[in-house]
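Residues per chain, in single letters:
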Amino acid sequence: MEALSALAFIVLYGVSYGMVLFTISIGLVVTMGLMRVLNMAHGVFAAFGGYAALTLMNQYSVSLGLALLVAVIAVTILSWPVERIFFARLYTASELDQVLLTVGLAFLGVATLNLLFGPDPVPAALPKLLAGDIDLGIRNFQVYRAVVVLLGAAIMVLLWFIFERTDFGAKLRAAVDNRGKAEAIGINVNRLFSIAFALGCGLAALGGAMGYAIMPLEPMYPFKYLTIVLIVVALTGFGNIKSSAWIAMMVGIVDTAGRFLIPSLGAFIVYFVLIAMMMWRSYSAPAVR
Amino acid sequence: MLMKSAPRDAKTLGPAATDGSERLNWHRVGILEVVYWGCALLVFFLLPQYLAFATSVLVTTLFVLSLDLILGFAGIISLGHALFFGVGAYVTGLATFAGMTEPISGALLGGVSAALLAAVIGPVLLRLRGLPLIMVTLALGVIAYEAANKLTWLTGGDDGLYGIVVAPLFGVFPWTMFAKTAYLYVLGWTFLLFLLARSIVASPFGVALQGIRDNSLRMSLIGTPVLGKLVQVYVISAFVAGVAGALSAQTTKFVGLAVLSLDTSVGALVMLVLGGVGKLYGGLIGAPVYMIVHHFASQWNPYHWMFIIGGLLTGVVMFARGGLIGIAQDIARRLPRKARP
Amino acid sequence: MSGIVLSTLRLTKRFGALVVASDIDLELRVGERRALIGPNGAGKTTFVGMLSGTLRPDSGTISLLGRDITGERPDRRVKAGLVRTFQISSLFRNLSVLENVYLAASEHLGAARHMLRPAAHHRDVVERAEEALLSLGLADDMHSKVSEIAYGRQRLVEIAIALCLAPKVLVLDEPAAGIPAAQSRLLLDAIDRLPRDIAILMIEHDMQIVRRFATSVTVFVSGSVLMTASPQEVMSDERVRSVYLGQSGHERFASNVLGA
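Protein chains in written order, with this note's numbering: chain A, 3 to 291; chain B, 7 to 347; chain C, 4 to 263.
This is chain A alone, in the form it adopts within the complex:
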C-alpha cells in the first residue's frame, strides 16, 4: 500500500505539475518553432500572469476564475508592444543576439517584479473551495490540483482544436513547417507571428496564474523555472505541438519522482534526461547543420 500510495503521489503530483509546465511551455514551443527565436524571457510573462492574478485575488478580492481571465488578457495585451519593440528585431538576428537580448529582458523583468511586488515569495493561499482534499482511496488529492489537471486537459483540447481544426491553426502549422513555402502561398507570416506570440504569452500567463500554488510566485520566478521550461521545449523539439503535452507531463512526473525518491539528488534527474536525449538526438542526425 505504501508503494502504491507513493506511486499515486508521483503520478498525481507529477501530472498536475506537468499540466502547468505544458501551459507555460506550449507558447514557447510555438514561438521558437515559428519565429525561430530563442526566448529566455518567456517566464516573465508567466510570472506577471501569476502576480496579476494573485494581486487581484488578495488585494481586490476578485474570484479565482475572474482573476485568471483578467490576468491572461492583461498580459496578452501587454505582450504586443513588447513583441513589436524587442522581438521583432530578433527574427533575423543571430542566436547569440537572441539569447543576450532575451536574457536582458528577463533580468529587467525580474527587477521590475521585485520593484512592484517586493522580494518575498507570495503566500500561496488557496480559496476555500479548492483547499479541500478528494479521497481517492489510495491517497488524498488536493481539489486544487485536480482542478489544475482538468483545466490543463481543457487547454490541451482547446489547443488541439485550434491547431488542427481551424484555418489559423493550419496556417500556423504550415508556417512552422516551412516558412518560405507558407509565405509563397500567401500566408501573412508576420501577422501570424504577432498573433502566435500573443497567444504564447497569454498561455504562459495562464500557466503562471493557475499554477501559483504549485510554482510559487517570487521575483526570481522567470529564472527559477526557466531551466525546466526550456527542458520541456528542448525535448519537444521546435514546433512539435502535439507531443509537447505528453513531454511536459513526463518531465513533471520525472521531476516529482526524482525529488520524492532521491531527495538529495532527485532534482537533477531531469537534467540527466535532458543531456541524454540531446546527445541521442545529435547522433541520429548529421553533426553538420
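Hints are computed from structural coordinates only; laboratory data are not their basis. Please note: incorrect hints may appear among the correct ones.
As the list claims (entries may be wrong) - For the chain B half of the interface with chain C, some residues (derived, Cβ under 8 Å), not all of them:
#: 1; residue: 106
#: 2; residue: 214
#: 3; residue: 231
Stated by the list, open to error - Under 10 Å between C-beta atoms, here's a sample of chain B residues computed to sit facing chain C:
#: 4; residue: 202
#: 5; residue: 233
#: 6; residue: 340
To be verified - Have a look at the derived ranges for each label pair, beta carbon to beta carbon:
#: 7; chain 1: C; residue 1: 126; chain 2: B; residue 2: 220; range: 21 to 31 Å
#: 8; chain 1: A; residue 1: 126; chain 2: B; residue 2: 111; range: 49 to 59 Å
#: 9; chain 1: B; residue 1: 53; chain 2: C; residue 2: 138; range: 34 to 44 Å
#: 10; chain 1: C; residue 1: 26; chain 2: A; residue 2: 148; range: 52 to 62 Å
#: 11; chain 1: B; residue 1: 234; chain 2: C; residue 2: 90; range: 27 to 37 Å
Since we're looking at a predicted model, the values are computed, not measured. The beta-carbon is built from N, C-alpha and C at its ideal position, and this holds for glycine as well.
Please arrange chains B and C on chain A, whose structure you already have, making use of the hints.
Chains B and C alone, transformed into the frame defined by chain A:
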C-alpha cells in the same frame, strides 16, 4: 588591433599583400594595445592600496577572455563555462592540501585538469548547436555545482576549501596581504595567456574558426573538419579558464561553490558583451569596467543591479552590438584620418 | 586510358513517401564534361546533395576514385577531391574576396591547423589564393568585400575557391544562373579554361551552355536517369523533347541545334 576596422595607411608591419583584408591582419599590433598593458603594469605602482581588488579583476578578466575564445571566435554559446573555472580552482586548491604548493605548477595543473575535462566532453557536446547546446551546457554547470555541494568531503561543500597555502613565487617572493606578488603573478599569467589567445586568433586556425562561427556548413564544404576545430578551441579555452580558476584559488586562498555557479557563467557573459564579443579585448575592457562599477554599487539592493545588467544586455544588442569597443571603433571611424590613433 | 573517377550505384532518396531520386546510376571519367539536365524537381539538386554529403541517401553507393564515400562527412569528401559550387552564392559576404579564397587554400594546404604564426605570414597560402584569383581575372577585387562586387564576379570567386581545393571531380550547380548575359562570358571562359584532368559535372538549364561545354549529357526526369549520351544524341531524342521541352521548347531547341 583595437582599431581593427579603421583603414590603415600604407605603413605595414607585415606582407602588404593582405592589406585591406581585416581577418588576415589581426597580428598587427596597435599602439592602444601597448597603452593597455602599460596601464595594467602602472596599476602596480600607482594604486598599491587596491592591488587585491585589481588582482581579482585580472583573474576575472582571464576567465572572460577564455569565454571570448569560444563564444566570440567560434560561436559556441555556453552558459556553463564556469565549470572549467571551478575545476581549475578546486583541483589546484586540493593539490595544495596534498603538498603541491608551488604556484606555477599548481596553476598549470588546474589548467590541464580543465583541459582534460573539455577534451572528454567536447567531442560529444559540440555536436550540438543553438538551444540544445545552451541547455546542455547550462545543465552540466548546474549538475557540477550541485555535485560540488553534495561532495562535502572533497570540496568543503557550502563552507568551501579554506586555508590554502601557496609557496613563495620562485621560492623568493612571499604572498603578502598587500597582494604585490599576487598582482604581478596574475598579470604575468594573464599577459602570457593573452598572447597565446592573440596568436591563435591571428593564425590560419583562428581565421578558419571565425569562418565556422559565420557558416559552419560552408566551411565543411571546403574541407574543414568542423567538430575537430571546435574541440581544439574548446580545450584551449578550458585550459585558460582552468588557470584563471587556479589563480583565484591561489590569490584568495579560498575556493567556494561560487566558482561553479551559474552566476559566474552568466556574469562572464555579461562582462564580455559589455566590452564587445569577438574582439579579443572585450573581456579585458568589459571585466574591469563592470567590476569597478559593481564595486561602487555594491551597497545597492541586488535586484536593482539587475536593472543595470538587463539594461546593458538589451541596450548592447539593440544599439551597440560591438559593446564598448564597438562604440570606440565607431567613433574612430568618424574621426578625420589624421586624428585616428 | 581514362579511368572512372566518380560512380554512383542505385542511389536513392526518399522524403517520406515521395521518391525524389530513384536508383541513380552514373559514371564519370577523367576529364569528362557532363551536363546534368532535366525539368525542375527532377532530382538533380537532390542528387548533387547526396554527392556532396549534405543529404544522406536511403540506399545506394557513391564511389570516388574507386573508394566508397557513401557514409563520409562532407569535409572528408572535399579532401578526397569532390568539390561543389552553389547555385546561390554562399560566400562570406562581409569578408574580402581574398579572405574567402584564403579559407579554402588554407584548409587545402593544411595551414588551418596552425595556431602560432599569423595568417598573413603563411606565404604559401596567400600565394595560392592570389594565383587562383589572378587566373580568373579577379586581381582588382582581391580586397573588396564580396557583397560589393558584381554578382557575376562573385560566381567567379566560387570557381577560384573550388580551384584552390584541387578537385578531381567538380560539381557546378548552375554556375551561370542569375548572371546577366553581358557578364556571363567571363564565367564561361573561366569554365572552359579549367584544367583538363578535372571531371566536371554541371547542372544546367541553358542549352547553349550545354552545347558549348558538355562532352556528354545525362537527362533526369522525375527522379530517374532517362538517358546518358552525347549532346547531339540527347538533343535529337524524341523522349527528351517531349518530356523536357514541350512543344515550344522543341521549336526553340531545334533552332539552337541547327544553329540558327
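| request: Please flag the earlier hints that this structure goes against, numbers listed from lowest up. | output: 1, 6 and 9
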